[in-house]
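J.: Now for the letters of each chain:
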Amino acid sequence: MTHYLDFEKPLAEIEGKAEELRAMARSNEEMDIEAEARALDKKAAGMLRDLYGKLTPWRKCQVARHPMRPHCRDYIDALFTEYTPLAGDRAFGEDDAVMGGLARFQDRAVVVIGHEKGHDTKSRLTHNFGMARPEGYRKAIRLMDMADRFGLPVITLVDTPGAYPGKGAEERGQSEAIARATEKCLQIGVPLLSVIIGEGGSGGAVAFATANRVAMLEHSVYSVISPEGCASILWKDAEKMREAAEALRLTAQDLHKLGVCDRVIPEPLGGAHRDTEATIAAVGEAITAMLGEMNEIEPKGYVAARRKKFLNIGSKGLAA
Amino acid sequence: MNWITNYVRPRINSIFSRREVPENLWTKCDECGTMLFHRELTDNLHVCANCGHHMQITPRARFKALFDSGIFTEVRVPEPVADPLHFRDQKKYPDRMRAAQKATGEHEAMLVAAGEVGRTPIVAAAQDFSFMGGSMGMYVGNAIIAAAEEAVRLGRPLVLFSAAGGARMQEGILSLMQMPRTTVAIQMLREAGLPYIVVLTHPTTGGVTASYAMLGDIQIAEPNSLICFAGPRVIEQTIREKLPEGFQRAEYLLEHGMLDRVTDRRHLREELVTILRMLMQQPPPVWGELPPPAEPVVASDTEESADTAQSDTQS
Ligand SMILES: [Zn+2]
Chain A
1 MTHYLDFEKP LAEIEGKAEE LRAMARSNEE MDIEAEARAL DKKAAGMLRD
51 LYGKLTPWRK CQVARHPMRP HCRDYIDALF TEYTPLAGDR AFGEDDAVMG
101 GLARFQDRAV VVIGHEKGHD TKSRLTHNFG MARPEGYRKA IRLMDMADRF
151 GLPVITLVDT PGAYPGKGAE ERGQSEAIAR ATEKCLQIGV PLLSVIIGEG
201 GSGGAVAFAT ANRVAMLEHS VYSVISPEGC ASILWKDAEK MREAAEALRL
251 TAQDLHKLGV CDRVIPEPLG GAHRDTEATI AAVGEAITAM LGEMNEIEPK
301 GYVAARRKKF LNIGSKGLAA
Chain B
1 MNWITNYVRP RINSIFSRRE VPENLWTKCD ECGTMLFHRE LTDNLHVCAN
51 CGHHMQITPR ARFKALFDSG IFTEVRVPEP VADPLHFRDQ KKYPDRMRAA
101 QKATGEHEAM LVAAGEVGRT PIVAAAQDFS FMGGSMGMYV GNAIIAAAEE
151 AVRLGRPLVL FSAAGGARMQ EGILSLMQMP RTTVAIQMLR EAGLPYIVVL
201 THPTTGGVTA SYAMLGDIQI AEPNSLICFA GPRVIEQTIR EKLPEGFQRA
251 EYLLEHGMLD RVTDRRHLRE ELVTILRMLM QQPPPVWGEL PPPAEPVVAS
301 DTEESADTAQ SDTQS
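Protein sequence lines correspond, in order, to chains A and B.
Residue numbers for the first sequence follow this note's numbering, beginning at 1 and rising by one.
Residue numbers for the second sequence follow this note's numbering, beginning at 1 and rising by one.
One or more hints might be untrue.
Residues from chain B that face chain A, not an exhaustive set, calculated with beta carbons under 7 Å [unchecked claim]: (1) Cys48; (2) Ala49; (3) Cys51; (4) Gly52; (5) Met55; (6) Asp89; (7) Gly165; (8) Met169; (9) Ser175; (10) Arg181; (11) Ser211; (12) Met214; (13) Ile218; (14) Ile239; (15) Met258; (16) Val262.
What the hints contain is simulated information worked out from the structure, not anything from laboratory work.
Beta carbons: idealized from backbone N, C-alpha and C, even for Gly.
Whenever a hint applies, use it, and build me the whole structure from the sequences.
T.: Here's what the structure looks like:
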C-alpha cells in the first residue's frame with residue numbers, strides 16, 4: 001500500500017480512482033475501463049512530476065522522513081555482501097539504532113556503519129526510530145578504529161532525526177560520545193565516505209558524516225536542528241516549520257552550493273520510496289565513484305584532506 | 001617578548017558604553033535573594049558571597065580577573081561572512097546581531113586572549129552567554145581555531161571557558177559544521193603536545209557540549225552548571241516523566257564520571273595554574289605578590305572602563 005504525504009492528497013485521489021477502476025474490471029469482465037484508467041495514470045504522472053519538480057524544503061523533509069523510504073538495512077542488504085554485523089560498545093551495551101560491521105562492497109572489504117530507523121512499529125521501537133544512544137556512537141568509534149588498524153575504508157549511511165534525548169543517554173555521556181565519534185572520523189587514516197539517505201539530524205549525523213566525501217540523496221535533508229525545533233525556538237510556534245525549513249537551507253541542493261555536500265544523488269520521480277531498487281542502485285554508483293576519487297589521494301593524506309575540507313567550509317557559496 | 005606592549009588599550013566607544021553601568025548598584029542573587037553590592041560582587045567574581053551561587057560573568061571580566069595584573073592580549077579572529085544564509089525568522093539575523101552587540105558591547109560570542117596566569121603563559125578562550133546565548137556559529141568556530149593556532153605558535157596550553165545554548169541556528173548547517181571544525185582545532189593542540197583544559201560554565205548545551213567542550217585533557221566545571229546535549233525540557237517531553245533533582249548539573253556529571261572536577265570560580269585560577277604547570281613540566285608556582293611586569297603597564301583599573309574596552313577585531 002502506498003503511503004501518501006499530506007501534499008500528495010490530490011495524487012492519492014487520482015491514483016486511488018485508477019486502482020478502483022481496475023479492481024472493478026477484475027470482478028466484472030465486461031467492463032472496459034482501460035482507456036479511462038490510462039488517462040488517470042497519465043494525469044497522476046503529470047501531477048507527480050509537478051509536485052516533485054518543485055518540492056519546498058519542508059516537503060523535502062517530509063519525503064526524507066517517508067516511512068516507506070529505503071533505510072540503512074535495505075542498502076546494506078542490496079549493495080554489500082558478506083555483511084557481518086558487529087555489536088556492542090564494550091562498556092555498557094548494544095544500540096540497535098546503529099547498524100555496523102564488516103562487509104564487502106564490490107568484493108572490497110569495508111566497514112559499514114549506519115542509522116537504522118526500522119520499517120514497522122515493532123522494528124521502529126527496536127531501532128529507537130534511528131535515534132542513537134551513546135553506545136551507538138561508541139560502537140561506531142570502535143568499528144572505525146578497527147577499520148583504521150586494518151586499512152579498510154569506512155562507509156556510513158546517515159538517517160537519523162538526531163541523537164536520542166533520553167535520561168540514560170545523557171547520564172552515560174551522549175555529548176562526549178558524539179564528540180569522540182566526530183573526533184574519530186577526523187582521525188582515521190582510511191577513506192571515510194558518507195551518504196545521507198534520509199534525515200541528517202544535527203550532531204547525531206555529524207558524528208558519522210565528518211567524511212572525505214558526503215553525498216546526499218536528492219530529497220534528503222541535513223540540518224543543525226529540525227524545522228519544528230527551530231520554529232518553536234525562533235518563531236515561538238512549532239507550526240511555523242515551513243518557514244524554518246526554508247530559512248535553514250537544509251536541502252541537498254542548498255548544501256551542495258554551500259560546499260557541505262559533495263554530490264547529490266538523483267532520486268526516482270516521486271521520491272526514493274516509489275522505486276527503492278533504482279534508488280539503492282544510484283547510491284551504489286555514488287559510493288563506487290567516491291571510492292574511485294579516493295585513489296587520487298595519497299594513502300597518507302586521507303586525514304589531512306578531511307581536515308582541510310572541513311576547515312574550508314564556510315568559504316564557498318555564501319550569500320554575501 | 002613584548003606582548004605587554006601589544007596590549008590592547010581600552011578605547012571608549014560611546015555606542016557601546018551603556019552596559020552594566022552601575023546605576024543600580026545592587027544586584028539581587030537569584031538563588032538566595034541577598035542584595036549584593038556591585039563592587040563586592042565584582043571582587044568576588046560574580047559569585048554570591050552569601051550562598052556561593054555562580055552568576056554569569058562576561059569573558060572580559062573573567063580575563064581581567066584571570067590574567068596577571070588583568071593584562072592580556074586579544075588574539076585576532078578571522079572575520080567570517082556575515083549572515084551567510086540571509087536568515088530571517090521573526091527578525092533578521094543582522095538585526096539580532098546588532099542588538100546583541102549593543103547590549104553586550106562585544107563583537108561576537110567568544111573572546112580569545114594570550115597572557116600569563118600566575119606567570120604561566122597561556123592562551124584562553126571564553127564564550128559569552130550574554131551574546132545570543134553564546135551560540136556557536138562561524139565566528140566562534142574561527143575563534144577556537146585561532147586560539148588553537150596561537151597556542152601552537154606560542155607553545156602554550158589552551159584554557160577554554162564554555163557557555164552556550166548550542167549552535168547558532170541562524171547560520172544553519174554552517175553552525176553545525178563548527179563541530180568538526182573545532183574538533184580539528186583540538187587535534188592541532190594534541191599533536192603539538194599542548195594541554196587543553198575545558199572549564200564548563202553554566203550553561204553548556206547542545207552541539208557545543210558535543211564537540212570541543214567535551215574534548216579536554218581535563219574537564220572542570222563550575223558548580224551547579226547545566227551541562228548536557230539535550231536540554232531537560234526536551235527530555236521531559238520525550239520520556240514523559242519528571243527528571244531527578246540536579247539532573248545534568250555539574251555535580252551530577254561528576255558523579256557519573258563525565259568530569260574531572262567541579263571547582264568554585266574563586267579557586268579556579270589557582271587550580272588552573274597548578275594543573276597547567278604540572279602538565280607543562282614547569283616548576284611549582286610561586287604564590288603571593290609577584291614582582292611587577294618588566295614594563296609597568298596599568299590595565300584599566302575600573303570595571304566600567306574594562307567593560308567598555310573595544311578590541312582591535314571590532315569593525
Ligand atoms: Zn546567593
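J.: With reference to the structure, classify each hint as holding or not holding.
T.: Hint check:
1. Cys48: violated (28 Å)
2. Ala49: violated (32 Å)
3. Cys51: violated (27 Å)
4. Gly52: It is violated, given that the least Cβ distance between Gly52(B) and chain A is near 25 Å, above 7 Å.
5. Met55: violated (24 Å)
6. Asp89: OK, holds: Asp89(B) within 7 Å of chain A, min 4 Å.
7. Gly165: violated (9 Å)
8. Met169: holds (5 Å)
9. Ser175: holds (5 Å)
10. Arg181: The hint holds - Arg181(B) has a Cβ within 7 Å of chain A, the shortest such distance being about 5 Å.
11. Ser211: holds (5 Å)
12. Met214: Nearest chain A Cβ about 4 Å off; hint holds.
13. Ile218: violated (14 Å)
14. Ile239: holds (6 Å)
15. Met258: holds (5 Å)
16. Val262: violated (16 Å)
In the structure shown, a violation is registered for the earlier hints numbered 1, 2, 3, 4, 5, 7, 13 and 16, in ascending order.
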